[in-house]
Amino acid sequence: SAVGGALEGSEREMKAYLLAGGKGSRLGKIGEDTPKAMLQVQCRPLLEHQFDLVKSAGITDVVLAIGYLAHRIKEHVGDGSRFGLKVSYVVEKEPLGTAGGLRLARQELTETFVMMNTDELKDVPLREMINAHRMYTRAGVLGTVALTHVDDPRKFGVVRMKDDRIVEFLEKPENPPTNLINAGLYVLEPGVIDEVPRGASSIERDIFQILTLRGQLSGYPFTGQWLPTDTVEKYDSANVL
Numbered sequence: 005s006a007v008g009g010a011l012e013g014s015e016r017e018m019k020a021y022l023l024a025g026g027k028g029s030r031l032g033k034i035g036e037d038t039p040k041a042m043l044q045v046q047c048r049p050l051l052e053h054q055f056d057l058v059k060s061a062g063i064t065d066v067v068l069a070i071g072y073l074a075h076r077i078k079e080h081v082g083d084g085s086r087f088g089l090k091v092s093y094v095v096e097k098e099p100l101g102t103a104g105g106l107r108l109a110r111q112e113l114t115e116t117f118v119m120m121n122t123d124e125l126k127d128v129p130l131r132e133m134i135n136a137h138r139m140y141t142r143a144g145v146l147g148t149v150a151l152t153h154v155d156d157p158r159k160f161g162v163v164r165m166k167d168d169r170i171v172e173f174l175e176k177p178e179n180p181p182t183n184l185i186n187a188g189l190y191v192l193e194p195g196v197i198d199e200v201p202r203g204a205s206s207i208e209r210d211i212f213q214i215l216t217l218r219g220q221l222s223g224y225p226f227t228g229q230w231l232p233t234d235t236v237e238k239y240d241s242a243n244v245l
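Here the sequence shown is numbered in our numbering, starting from 5 and rising by one per residue.
Treat the hints as calculated values from the structure; they're not laboratory data. Careful, some of the hints might be misleading.
Said to hold, decoys possible - Straight-line C-alpha distance at most 20 Å; calculated EDC-like pairs for lysine to aspartate or glutamate:
(1) K97 with E17
(2) K176 with D210
(3) K59 with E98
(4) K97 with E112
(5) K90 with E79
(6) K59 with D37
(7) K59 with E132
All of these numbers come straight from a predicted model, not from anything done at the bench.
Please work from the sequences and hints to get the whole structure.
Structure, rendered in structure tokens:
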């Protein structure tokens with residue numbers, strides 16, 4: 005019913021924007037002729053693990069940002085119906101970084117939306133995270149970042165928090181102030197897209213810096229599994245589990 009769609013916390017109208025345009029350049033031969041999102045982890049393409057996560061929050065509308073070997077993803081996913089999803093695509097003719105493609109998806113992303121990388125396995129309570137974000141938006145927050153702890157944070161986006169706000173966002177710092185890192189999953193307001201410049205840009209380096217300075221970025225630490233797969237070593241260990 006229309007009323008159901010309007011209820012706070014209903015994810016019926018919500019969309020997920022998935023970054024699936026990447027080339028597994030650090031994966032050597034494994035990623036040579038396969039888009040990163042289509043690499044098999046635990047007997048399924050990485051992308052399908054993300055579909056499970058999206059559906060766990062009741063979201064069935066997905067926008068896929070694709071680029072490298074885009075046709076391979078389209079052939080596999082199609083309109084999404086066999087995964088219980090409705091999938092549309094934005095195609096990046098040249099790589100636009102983690103933020104650039106958002107401009108192409110502006111028409112689609114008119115409400116609060118979920119954005120995520122597709123090259124990590126992440127066990128995030130997404131519905132709870134969305135509810136936390138809705139609470140933070142009442143205090144002017146435009147984005148909430150899922151955060152996880154790692155032993156060596158130097159190769160990641162490191163975050164310093166004060167209460168629920170992110171007060172510092174450092175991309176791959178030499179001397180990290182904490183071991184709390186960006187887990188590659190965000191709940192964002194459509195207003196964030198207004199901050200994205202034309203051409204290629206990075207959501208981590210460019211957009212999150214702006215939001216942090218304005219006090220408009222909050223963090224959502226979680227304790228579930230988080231496995232990156234962007235190097236051969238990490239990819240192998242993700243497959244062992």
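How the hints compare with the structure:
1. Pair hint K97 plus E17 does not hold up; C-alpha atoms about 28 Å apart against a cutoff of 20 Å.
2. In summary, the hint linking K176 to D210 is supported, as the alpha carbons are separated by about 14 Å, within the 20 Å threshold.
3. With a CA separation close to 30 Å, the supplied pair K59 and E98 exceeds the 20 Å bound.
4. Only pairs whose Cα atoms come within 20 Å are accepted, and K97 paired with E112 is accepted, the gap being roughly 19 Å.
5. At most 20 Å may separate the alpha-carbon atoms for a hinted pair to count; K90 and E79 meet this at roughly 15 Å.
6. Pair hint K59 plus D37 does not hold up; C-alpha atoms about 28 Å apart against a cutoff of 20 Å.
7. Our distance criterion of 20 Å between C-alpha atoms is met by K59 and E132, whose separation comes to about 13 Å.
Against the hints set out earlier in the document, violations occur for numbers 1, 3, 6.
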